[in-house]
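Protein chains: 6
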Amino acid sequence: MYFDDYEVGSLVKSHGRTMTEADIVLHAGQTGDFYPHHMDAEFCATQPFGQRIAHGTLILSVAVGMLASGDINEAAMTYGYEAIRFIRPVFIGDTITAHASIAEKREYRKNPENYGLVDEKVEVLNQHGEIVMALTHIYLVSKNPHQG
Amino acid sequence: MYFDDYEVGSLVKSHGRTMTEADIVLHAGQTGDFYPHHMDAEFCATQPFGQRIAHGTLILSVAVGMLASGDINEAAMTYGYEAIRFIRPVFIGDTITAHASIAEKREYRKNPENYGLVDEKVEVLNQHGEIVMALTHIYLVSKNPHQG
Amino acid sequence: MYFDDYEVGSLVKSHGRTMTEADIVLHAGQTGDFYPHHMDAEFCATQPFGQRIAHGTLILSVAVGMLASGDINEAAMTYGYEAIRFIRPVFIGDTITAHASIAEKREYRKNPENYGLVDEKVEVLNQHGEIVMALTHIYLVSKNPHQG
Amino acid sequence: MYFDDYEVGSLVKSHGRTMTEADIVLHAGQTGDFYPHHMDAEFCATQPFGQRIAHGTLILSVAVGMLASGDINEAAMTYGYEAIRFIRPVFIGDTITAHASIAEKREYRKNPENYGLVDEKVEVLNQHGEIVMALTHIYLVSKNPHQG
Amino acid sequence: MYFDDYEVGSLVKSHGRTMTEADIVLHAGQTGDFYPHHMDAEFCATQPFGQRIAHGTLILSVAVGMLASGDINEAAMTYGYEAIRFIRPVFIGDTITAHASIAEKREYRKNPENYGLVDEKVEVLNQHGEIVMALTHIYLVSKNPHQG
Amino acid sequence: MYFDDYEVGSLVKSHGRTMTEADIVLHAGQTGDFYPHHMDAEFCATQPFGQRIAHGTLILSVAVGMLASGDINEAAMTYGYEAIRFIRPVFIGDTITAHASIAEKREYRKNPENYGLVDEKVEVLNQHGEIVMALTHIYLVSKNPHQG
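For the record, the sequence lines run as chains A, B, C, D, E and F. With positions in the first sequence counted from 1, the corresponding number in this note's numbering is that position plus 7. With positions in the second sequence counted from 1, the corresponding number in this note's numbering is that position plus 7. With positions in the third sequence counted from 1, the corresponding number in this note's numbering is that position plus 7. With positions in the fourth sequence counted from 1, the corresponding number in this note's numbering is that position plus 7. With positions in the fifth sequence counted from 1, the corresponding number in this note's numbering is that position plus 7. With positions in the sixth sequence counted from 1, the corresponding number in this note's numbering is that position plus 7.
Worth flagging that the hints you see were computed from the coordinates, not collected in a lab. Be careful, since some hints might not be right.
Remember, identical chains collapse to one label, so a pair may be satisfied in a single copy or spanning two.
Claimed, not checked - Here are the computed lysine-lysine pairs in the BS3-like style, where the Cα-Cα straight-line distance is at most 30 Å: (1) 20 to 112; (2) 128 to 112; (3) 20 to 150; (4) 117 to 128.
Starting from the given sequences, assemble the full structure and let the hints guide the process.
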């Protein structure tokens, strides 16, 4: 799918995924972040949220992964992310879904003839329909070499 | 460490960590992203980089984790990330290190009396000293309640 | 243990093992199968079983593994599996046990002098004594080189 | 996709995936099968294959998982597997791909009005194009309730 | 920190960490110890403790790891452990903390000019303040080369 | 097997197991010990051993696990470990085997009528036949209730 094929406003939704205690344990193990906010139920019981919360990078990684499970677009690559915000905590047992919509198409100034930038707005929702995380995923997308 | 205690320019460096094939396998398993760019050595041999590359979210998660292994600052929480850029690929066997420096202190408009925003510039370097990823980590930091 | 040493009817039982949420998360991570039937508790609550179910290949792999934890028979190798049936779902928290009995000994037509085929009937039971999976494990077994 | 929508002969191919040492370590850990054929490089160096080989249930699980990464067909569920054969060993570093074709459609005698059986022939190939594993995946598929 | 810098009596406490079902599953997978005391909830319900218990080596490994998360002392290396005792079982959901105090400084007879031995007494406590494990961690520590 | 059934001098040997990079990554993840001696190949290249070394607790846990893979002796439980010594480093790719021999039988003073202590000497060897770790595993073993 080339740059011209992207349409602002089109929306995709991932499957849902329940975030488990095992996911948090595995993410601590992958990153080395064993902060008690994620790992110590006794400490968390004394804190405002009252329970362990998932790492922000876990929710981000899973959200991006859930949206990457479909067909591969060989013409697009990740350029970066912007405006990542952790809006609500994700607790053990919460089920999250990622919604992605094309928000904007922009010129790629370094090479405008061959590439464009596509901003995809990603929102991660929990089972209550509340947004827990938001980000903008920027893709660098090839222009169709067969079109003027 | 309260908002007033942060000094623009101060720098910390993480330990290094070699990114292994096991890390990529585990990150695919955590996120569900089994794209051949990460998982298929035969396919990758036909691509420009010639070999499998680490997921962007893996490098991001590990970098944030490496910087989170020291003391916990109870007065600070992650507000979000900005300007995440994947500048060079990270290959199996590369060793990465994260450098973090306080770039800016800003007013938190929603509650300027009690909180401020601290922008930490994070750069992830490989064993050649090349920057492979950069991001800005924004912290929401309490102001010292005992100071005017 | 050579082909002649196998006796039709002999039975072995594995230890029990409780299938955990962590096992399902790890199996999804190993296989890439993140279907909501295994991973999305909210979706599953709307389905006939009402809860997440273990992957069939997880139960199969664990059952074969539970039976492989004893002594190694160097004279036998796995030839294949037949008649794998997933009879009942396995839920998080169910405890399974594998029962294996020698069902039949057969000629190995490609090399009848040196090998024979042994059909082992495997049944996997849950804590209620219900069969959740059944299969036939076929072994290719050497004949005793010291016997006529 | 209902029973009538399946066409004998249609073929799908998965992405490729390189089987790593980490995959074998994780599969041993999931199943409890630490036999030296999978885990002991020194022992394996004295054996005919000369190196560690992947568990059969690992290849089976990954193959099924690779084919399950696309869209979900809510009208089909796994009924069982037949004729699983481990034809060649898979070594660390081999890249496997799964090919699946519809081989046969059959009556489901217990409930022929509402369901049919679909036999999908699965072949797993390594990077040399050799078949390493074969199996028949049987699906129980609903018939279209809106058709006579 | 050189041998002379250690002070008998000084105490450090780790953060807490809740031991999860996932930790036990992962430790069984790492070690190959799938004994029903750790893995079979049905069997455990018939035993004196009434539930699954964590592997001793899991508690030991986590305790040592929790104490190793701070700064690295390049002058010290692990010489060995003594007097490891598993005093109470650790159940799924228990939160453990490790307390370490310098108990004794001793001569290193093989090379008393350059090294000394430091005995660190480690106690692992659960959320009730009960000691679940104790051990002595022996460090071989360099003497300050710049001091007489 | 009751206390009287143990014979001083009897020896068992485990299967071998190759310690992989994945094992080290997983052990760091389980324990939170990401020290560069285990995780940073660049740093290790500047150190005396020249390469990453396995965590001591990994070798200990695997050795105990390798010896726990056979039949369960319901009459024995782990009382503790003594004299754990890390004699040589274990590198990625080394294959270890555990040898266990009954070294001594001792009175259990708290309850000499019903229990005795059995000291099992465990040595872990690498593929060169060198001892890399040694420990004494103490079992508390029931006396046969049917014997005087």
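Tested hints:
1. 20 to 112: Cα proximity of residue 20 and residue 112: one copy only (20 Å, versus 33 Å across).
2. 128 to 112: both (12 Å within a copy, 27 Å between copies)
3. 20 to 150: both (25 Å within a copy, 27 Å between copies)
4. 117 to 128: both (23 Å within a copy, 24 Å between copies)
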